[in-house]
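S.K.: Here is how the chains run, residue by residue.
Protein chains: 2
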Amino acid sequence: MSHHPEVPDDHYRPTYEDIHQHIASTARQIRATFRPDLIVAIGGGGFFPARVLRTFLKRNVGGDKLVNVPIQAIGLSLYEDLASDETNTSGPTAKGKIGLEVVRTQWLDAPKREGDDALTGGLLGKNILIVDEVDDSRTTLQYAYNELVSDVRKSLEALSPEQRAKVGPTRFAIFVVHNKLRNKKGTLPIVWSNHATVAPQPNETQAPAKLGPGEELVEKRNDGNGKVVEGLWYFAAETTGDIWVEYPWEQEDIEEHNRIAAVAKKLGVNTGAVESSS
Amino acid sequence: MSHHPEVPDDHYRPTYEDIHQHIASTARQIRATFRPDLIVAIGGGGFFPARVLRTFLKRNVGGDKLVNVPIQAIGLSLYEDLASDETNTSGPTAKGKIGLEVVRTQWLDAPKREGDDALTGGLLGKNILIVDEVDDSRTTLQYAYNELVSDVRKSLEALSPEQRAKVGPTRFAIFVVHNKLRNKKGTLPIVWSNHATVAPQPNETQAPAKLGPGEELVEKRNDGNGKVVEGLWYFAAETTGDIWVEYPWEQEDIEEHNRIAAVAKKLGVNTGAVESSS
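From first to last, the protein sequence lines stand for chains A and B.
Numbering follows my numbering, with no gaps: position 56 of the first sequence is 589.
Numbering follows my numbering, with no gaps: position 155 of the second sequence is 688.
Misleading hints may appear alongside valid ones.
Per the computed footprint, the stretches of chain B lying under chain A, defined by three or more beta-carbons under 8 Å from a beta-carbon of chain A, are [what the hints assert, rightly or not]:
| no. | region |
| --- | --- |
| 1 | 551 to 562 |
| 2 | 585 to 592 |
| 3 | 599 to 605 |
| 4 | 778 to 785 |
A few chain A residues that don't get close to chain B, going by computed Cβ distances all over 12 Å [as the list claims (entries may be wrong)]:
| no. | residue |
| --- | --- |
| 5 | Thr588 |
| 6 | Arg686 |
| 7 | Lys687 |
| 8 | Ala698 |
| 9 | Gly701 |
| 10 | Leu714 |
| 11 | Lys718 |
| 12 | Pro722 |
| 13 | Val724 |
| 14 | Ala729 |
| 15 | Val796 |
| 16 | Glu808 |
| 17 | Ser809 |
In short, the hints are calculated from the structure, not lab data.
Don't be surprised by glycine CBs; every beta carbon is placed ideally from N, CA and C.
Sequences are here, hints too, so could you generate the full structure?
M.R.: Written out as structure tokens, the structure reads:
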């Protein structure tokens, strides 16, 4: 691909500060609509966004008291990535990795608790936000969502009708720093997104909608009915073309990364975003 | 405490770029000496340093092939922190939290594997690097180290003598972005550190040593003897006084954070580090 002579390639280079601010903007939307009780971070890419999100998603529990939203980590790898140095598995320079088997390297570990939700480590009746750095082929996110839903369903089935009646609905949302507009291999039942487009050839089960003024994604919390709410809310900090994103945490030379990022910004090239949350 | 009139307080404000570079410098020392097979990140503070460390700790597995060091996450909280908005539990403005109970919110989840190390999720025979953002009261780190050692010992006891003979020694090291020179509540059996001082009144079982030229921390790997190597290696990216550290991932206004950081750097105040790794 051609690129401006003052930058080495056509990669998009957000700085730490760029990503921090994009997350902050999106967190305002999340707080106003989905209100997560639990963050599930897909490691290692989801670790940084999850940690920054936590700063902006503190929950008010009455008075001036703010509490952190807990983070649980899960580890997922496309099978061949386990023996590879590639963490950014898309873009024009990385091909042929789509559709490989997803393997768990770590899963949720239920804290030892009393009560009805002990079986799922506390997933039941929660608003759960799944966090990763990039929605690329969508394979990893599809796997994570399907497995978490499956865990919740199994746990609900293990409850008596009386126990189930005490459990509020369990809802899922996804947050990614970047959603790449490209053909997606994986599918997600996205019913709402903070951006107008989530894939160039949507294969979601329903077209995503945007909220009207005053509307909220999440109805009252005390409607105990022990179900998984069908459909997924989708938050991206930025929607990009099918480009290579250079994440700051992957850079061996962060000064050079920031230097090129500043040059590209000044020139208005390799800006990455088709649509941003702010 | 008094501080320079051009900065709002005496807090130390490293930027993302500062921390990235401090981690890079320390990673060179780690790669040359301890060579981790597994990173155990203590969430949420350990998430960012673990992810950046992984960039600099890729292992050469022959030829030009580099592989990522896997990251497993564990969740630990001082008991009262679960309902608190404080993540930085030290410094002159936060007192009385030392020695509270540590509780697990997540622990290692063994991947389903065949073989002798299935019981520990692959801890046996590995060089394990425990990662957190700050060594403050040392309570959390003591808990994490003791529990991991206990897991390894239990798994070794469950093996037959023949199986044990096939397992190489298991070693532990700690990496923190900042070690604060203050009275430590927790203790660690530190036998080696990349800095001259790890606590102002050392209560470690042995005084830490530095390596001579050409020496290595880790002997040959194929010395199967199924033991936990006594003693802990300790890497800090920076050693600081007993100051309040403002981490960039905790900032609601990252631009203002960086602005104050630049002013403080120019004035040479609130610089934080007593000793750094570079």
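S.K.: Which hint numbers doesn't this structure obey?
M.R.: Per hint list: single violation, 5.
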